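Here is how the chains run, residue by residue.
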Amino acid sequence: MLTLFKNSKVLFSVFMLLGTLFLGSAQASPVDTYEFRDKVTEKRYQELTKELRCPKCQNQNLIDSNSPIAADLRRQVYNLLHEGKSDMEIMNYMVDRYGEFVLYRPKVNNTTYILWFGPAILLLLGFSVIIYILRRKPQVKEKQALSAEQQDKLKQILKD
Amino acid sequence: MNKLIRLLPLIVCLALGGVLYQGLFLNPQELPSALVGKKLPDFELSTLKNAGETVNAGDLKGKVKLLNVWATWCPSCRYEHPYLLEIAKSDRVAVFGLNYKDERGPANQWLQQLGDPYVFSIFDQQGTLGLDLGVYGAPETFVIDGDGVIRKRFAGVIDARVWQSEFLPLIEQIEAEQQGS
Chain A
1 MLTLFKNSKV LFSVFMLLGT LFLGSAQASP VDTYEFRDKV TEKRYQELTK ELRCPKCQNQ
61 NLIDSNSPIA ADLRRQVYNL LHEGKSDMEI MNYMVDRYGE FVLYRPKVNN TTYILWFGPA
121 ILLLLGFSVI IYILRRKPQV KEKQALSAEQ QDKLKQILKD
Chain B
1001 MNKLIRLLPL IVCLALGGVL YQGLFLNPQE LPSALVGKKL PDFELSTLKN AGETVNAGDL
1061 KGKVKLLNVW ATWCPSCRYE HPYLLEIAKS DRVAVFGLNY KDERGPANQW LQQLGDPYVF
1121 SIFDQQGTLG LDLGVYGAPE TFVIDGDGVI RKRFAGVIDA RVWQSEFLPL IEQIEAEQQG
1181 S
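Quick note, the sequences are listed as chains A and B, same order.
Residues in the first sequence are numbered from 1 upward in steps of one, following our numbering.
Residues in the second sequence are numbered from 1001 upward in steps of one, following our numbering.
In case anyone wonders, no lab produced these hints; they're calculated from the structure.
Among the clues, some could well be false.
Stated by the list, open to error - SDA-like mimics (lysine to any residue), calculated; alpha carbons at most 20 Å apart, straight line:
{"#": "1", "chain 1": "B", "residue 1": "K1152", "chain 2": "B", "residue 2": "F1167"}
{"#": "2", "chain 1": "B", "residue 1": "K1003", "chain 2": "A", "residue 2": "E100"}
{"#": "3", "chain 1": "B", "residue 1": "K1152", "chain 2": "B", "residue 2": "V1093"}
{"#": "4", "chain 1": "B", "residue 1": "K1038", "chain 2": "A", "residue 2": "V95"}
{"#": "5", "chain 1": "A", "residue 1": "K56", "chain 2": "B", "residue 2": "G1058"}
{"#": "6", "chain 1": "B", "residue 1": "K1003", "chain 2": "A", "residue 2": "R135"}
{"#": "7", "chain 1": "B", "residue 1": "K1152", "chain 2": "B", "residue 2": "G1058"}
{"#": "8", "chain 1": "A", "residue 1": "K85", "chain 2": "B", "residue 2": "D1132"}
{"#": "9", "chain 1": "B", "residue 1": "K1003", "chain 2": "A", "residue 2": "R136"}
{"#": "10", "chain 1": "B", "residue 1": "K1038", "chain 2": "A", "residue 2": "E100"}
{"#": "11", "chain 1": "B", "residue 1": "K1039", "chain 2": "A", "residue 2": "V95"}
{"#": "12", "chain 1": "B", "residue 1": "K1003", "chain 2": "A", "residue 2": "L134"}
Please read these numbers as outputs of a predicted model, since none were measured by experiment.
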């Protein structure tokens, strides 16, 4: 009986753990009941609303946001898709109105190159520092080696 | 050279600290408008008072004008309203309204009760003009010059302090420009 109880406790913990994991990924996102004319358009809608940032809530994309402006913009994406606009045209439409802020992956230009290449440059910098330090080590050891005079002294001390 | 390398982490640290410290005072809600420097997008909408009367971008007259986005569902707009009345009374600039995603009845009632600072209000029930202007909330105010070019977009409530620091200098600048030309 006791083992069963123990087991059920373990089982319960596992359940809870799994539960939190899945709940974490399934946040309450707003549900729009849009009908798409085909699977490709639906997929493009999903991708676009994931790539576009809600201008009001700042750290959510359109698909995850409950704010009214996000709902408006989702509808606009839907309409533009059904007008036959390309993904690029829809992105540009949003940028024309809300600025590059709406893009989760900003374009590469003068103001964003640090964003794009900064991490790679830092990584390279880090590596070169490590290599520099590793290469320098043997030299340091040589420097620390005792001079002839000091060796003699040491020998004398050891003799005593 | 060696000394410099030793100081490098300190320098990098200080530089990073400086950048991050500056970030503390930035307002993330303050988005640069994509429309500054562009013409007011064209539209064809009715006025709030009269469903039969349509207006377009050309109907916004005046050397410097404000286009104020407001709605009855927006508490901050109510807070801002008295100051808008004052701006309108001073006759320095023409104030136009953009009634954003609202109902005609309550909106007209609001103006009757609280006073109407606007030359007229554009009735944008669907938020189409709002979308073209990149509006994401209310209140927002656009400064438009005599050529119909948007010069500033301000998101938030206008009060005396904001008016002094954010609007007056720009209005004076536009007035000076247009006198020169």
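20 Å Cα cutoff - pair K1003 of chain B, L134 of chain A: 19 Å, holds
Agreement of K1003 of chain B and R136 of chain A with the hint, judged by alpha carbon distance not exceeding 20 Å: 15 Å, holds
K1038 of chain B paired with V95 of chain A [C-alpha distance capped at 20 Å]: Holds. K1038 of chain B to V95 of chain A sits at ~14 Å (cutoff 20 Å).
Straight-line alpha-carbon gap K1038 of chain B to E100 of chain A, limit 20 Å: 16 Å, holds
Hinted pair K1152 of chain B and F1167 of chain B, Cα distance within 20 Å: Holds, at about 9 Å.
Hint consistency between K1039 of chain B and V95 of chain A [alpha-carbon to alpha-carbon, up to 20 Å]: 16 Å, holds
Pair hint outcome, K56 of chain A versus G1058 of chain B [Cα-Cα no greater than 20 Å]: 29 Å, violated
Pairwise hint evaluation, V1093 of chain B against K1152 of chain B, where the allowed Cα distance is 20 Å at most: Distance ~14 Å between K1152 of chain B and V1093 of chain B Cα, so the pair holds.
Given pair status - R135 of chain A, K1003 of chain B, alpha carbons within 20 Å: Between K1003 of chain B and R135 of chain A the Cα gap is close to 18 Å, so the pair holds against 20 Å.
Distance restraint between K1152 of chain B and G1058 of chain B, which requires alpha-carbon spacing of 20 Å or less: Distance of about 19 Å is within 20 Å: holds.
Pair hint outcome, K85 of chain A versus D1132 of chain B [Cα-Cα no greater than 20 Å]: 17 Å, holds
20 Å limit on alpha-carbon distance, applied to hinted pair K1003 of chain B and E100 of chain A: Violated, at about 42 Å.
Of the hints listed earlier, those the structure fails to meet are numbers 2, 5, in rising order.
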